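Chain by chain, the residues run as shown.
Protein chains: 2
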Amino acid sequence: MRGLQEIRTDIADIDERILNLYKERMQLTEELVEYRLAAGKKIFDFTPVEAFDFKNARVVFQGVEGAYSQQALQEFFGADTQSYHVETWRDAMEAIAGDEADYAVLPIENSSAGIVSENFDLLVEYDNCIIGEQIIKIDHCLLGLKDAELSDITDVYSHPQALMQCSKYLGEHPAIERHSLKNTAGSAKKVRDDGKKNQAAIAAKITADIYDLKVLAEGIQNNTSNSTKFIIVTKKKVFRKNADKISICFEIPHKSGSLYQTLSHFIYNNLNMNKIESRPIQGKTWEYRFFIDIEGNLTDGAVQNALNGLEDETEGLKILGNY
Amino acid sequence: MRGLQEIRTDIADIDERILNLYKERMQLTEELVEYRLAAGKKIFDFTPVEAFDFKNARVVFQGVEGAYSQQALQEFFGADTQSYHVETWRDAMEAIAGDEADYAVLPIENSSAGIVSENFDLLVEYDNCIIGEQIIKIDHCLLGLKDAELSDITDVYSHPQALMQCSKYLGEHPAIERHSLKNTAGSAKKVRDDGKKNQAAIAAKITADIYDLKVLAEGIQNNTSNSTKFIIVTKKKVFRKNADKISICFEIPHKSGSLYQTLSHFIYNNLNMNKIESRPIQGKTWEYRFFIDIEGNLTDGAVQNALNGLEDETEGLKILGNY
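Residue numbers (this note's numbering), protein chains in the order written: chain A, 65 to 387; chain B, 65 to 387.
Just so you know, the hints here were simulated from the structure itself, not pulled from any lab data.
Bear in mind the structure is a predicted one, so any value in this text is a computation, not a measurement.
Worth double-checking, as some hints may not be accurate.
For identical chains, the list gives no copy identity; a pair is met inside one copy or between any two copies.
As the list claims (entries may be wrong) - Keeping only pairs whose Cα atoms sit at most 30 Å apart, straight-line, the calculated DSS-like set for lysine-lysine is:
{"id": "1", "residue 1": "K293", "residue 2": "K382"}
{"id": "2", "residue 1": "K87", "residue 2": "K210"}
{"id": "3", "residue 1": "K299", "residue 2": "K269"}
{"id": "4", "residue 1": "K232", "residue 2": "K305"}
{"id": "5", "residue 1": "K269", "residue 2": "K246"}
{"id": "6", "residue 1": "K348", "residue 2": "K201"}
{"id": "7", "residue 1": "K210", "residue 2": "K309"}
{"id": "8", "residue 1": "K293", "residue 2": "K348"}
{"id": "9", "residue 1": "K87", "residue 2": "K300"}
{"id": "10", "residue 1": "K261", "residue 2": "K119"}
{"id": "11", "residue 1": "K300", "residue 2": "K246"}
{"id": "12", "residue 1": "K87", "residue 2": "K382"}
{"id": "13", "residue 1": "K232", "residue 2": "K348"}
{"id": "14", "residue 1": "K309", "residue 2": "K339"}
{"id": "15", "residue 1": "K201", "residue 2": "K293"}
{"id": "16", "residue 1": "K246", "residue 2": "K201"}
{"id": "17", "residue 1": "K246", "residue 2": "K293"}
{"id": "18", "residue 1": "K232", "residue 2": "K382"}
{"id": "19", "residue 1": "K300", "residue 2": "K339"}
{"id": "20", "residue 1": "K300", "residue 2": "K278"}
{"id": "21", "residue 1": "K348", "residue 2": "K269"}
{"id": "22", "residue 1": "K301", "residue 2": "K232"}
{"id": "23", "residue 1": "K305", "residue 2": "K201"}
Start from the sequences, fold in the hints, and give me the full structure.
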């Protein structure tokens, strides 16, 4: 048996040889891209722009007045942007697909509850493109009628994610029954419209003013640094020339080991992968679609190589946006 | 510029050299494990067993009589196993941590709605261990009072995942308001107890008999091949010697590129990775804990190497079970 130190030195030596081979491979794949470009081949369907012009943009969000989505919209586009709201996220996707709006604002992930899975699925279903993201700090309040006290409350209404984000607070009040509604601000509206002292909503503080409600408890989310990431989507396949994040998704053939073979394209091309999510593929039991964020721009050779490689080895590769 | 075919041949050649280096590396890391074992070092805290003895086992599930969890329990342990139910998944975890039960049965993922995120979080919080899994086909029904008709229904109660799994059916009946309850069978119990003709539950067909309800609609889930995976957890860190699946989780330091560096341990050790999930880390905004399933047994050298490597480069590596 050889010495421990000797084995460790051999491993370090192999690691360096592997790394050098990867570097060599990257140069070769860049030559491949040059060939493709020289042959006039367009690899992806996206058009680069210097900057976006949001003047006269019509923007749609889901929910009612006072929704967190509306806050995100105003932060991203400015407070005086022409906007309107629809009832469901699907309606928002339809609105831009059907040219009724230019942009839609959709929540995609919360820092404590995780992804908004339905919007991942809608990104696959619709051929819309992500052009930006906006993070909004979430501070949930328990809102009731003006004459209600906390002890009156027997029923609470909110979006399922908001209920999850306040699970500790609600766990300390086990007598309060939880009801899921489509959005937080809509829950506040319901409490106002129903006019029942035993009902409360979980929503943003600003919603209390809009719907004439009383703040029964403030900052009731489990995590005090709770924030939600919203994406801005549009119909045209465009990206800023200085965009540095690419979101893609793909399915992988149902065979052992294919996930890491697929991910090796990022390693081969020295690309940073920041996020990975999997979602079940509808109609295919226990098969998954992967959603991955990488750093880079669609004009980079390494990015083009990795995406070409993925296109060969995966199914349904879709570039969701470069932003 | 060299020919296209020439470049492709060079790339294929490099890929083969990389693969051979990986093989060489694996042999070296196996030598390392032999050293550790020879030095009497125990690498993981798990005890291998030939088989489990479930005689006299006390098993806990969440929900009420007729829950899908109870079906999973009976499939895995046998119909005459001593079992009882608790109100929440946390209660089930507490029951085995506190020795009130030997095993708990918890849903971990649905083939169409995705992961049961709360149970992933509980696996991190509690020091319990997965020893098996059981898949149950899910066939949701709309259940109402014996004298109710579909047209009477204005309110439907079920678990949020079940409501999501039936979103298409519910979307076709927009007048029916959706309410989240803790479980499907409990929703059926509520409809029976409330005795209101306008209420319905979404639950398994067998629940209709238990709670004396009528099946108003059958197989209403979006996906006809809908199934749920349940895990069997226990307090002791044990695994079957022929177990072939390992579930682990870890956090990665918040720096660019660390995710793929981490995953390279599976590639280096030639391990198949079947599943990857990320969940937000509570209290750390936009940082993630990754849950990964790999093929293998804790007694394999390659597995031990990969896990040792991960322990060096990640934080809070936890082996959730080998089953």
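Here is what the structure says about each hint:
no.	hint	in the structure
1	K293 / K382	both (21 Å within a copy, 28 Å between copies)
2	K87 / K210	neither (66 Å within a copy, 70 Å between copies)
3	K299 / K269	neither (33 Å within a copy, 43 Å between copies)
4	K232 / K305	neither (44 Å within a copy, 39 Å between copies)
5	K269 / K246	both (18 Å within a copy, 27 Å between copies)
6	K348 / K201	between (36 Å within a copy, 14 Å between copies)
7	K210 / K309	neither (46 Å within a copy, 56 Å between copies)
8	K293 / K348	both (29 Å within a copy, 15 Å between copies)
9	K87 / K300	neither (35 Å within a copy, 46 Å between copies)
10	K261 / K119	neither (44 Å within a copy, 53 Å between copies)
11	K300 / K246	within (28 Å within a copy, 42 Å between copies)
12	K87 / K382	within (27 Å within a copy, 33 Å between copies)
13	K232 / K348	between (35 Å within a copy, 17 Å between copies)
14	K309 / K339	both (11 Å within a copy, 24 Å between copies)
15	K201 / K293	within (9 Å within a copy, 34 Å between copies)
16	K246 / K201	both (20 Å within a copy, 28 Å between copies)
17	K246 / K293	both (18 Å within a copy, 27 Å between copies)
18	K232 / K382	between (38 Å within a copy, 24 Å between copies)
19	K300 / K339	within (25 Å within a copy, 33 Å between copies)
20	K300 / K278	neither (43 Å within a copy, 49 Å between copies)
21	K348 / K269	between (42 Å within a copy, 23 Å between copies)
22	K301 / K232	between (42 Å within a copy, 29 Å between copies)
23	K305 / K201	within (28 Å within a copy, 48 Å between copies)
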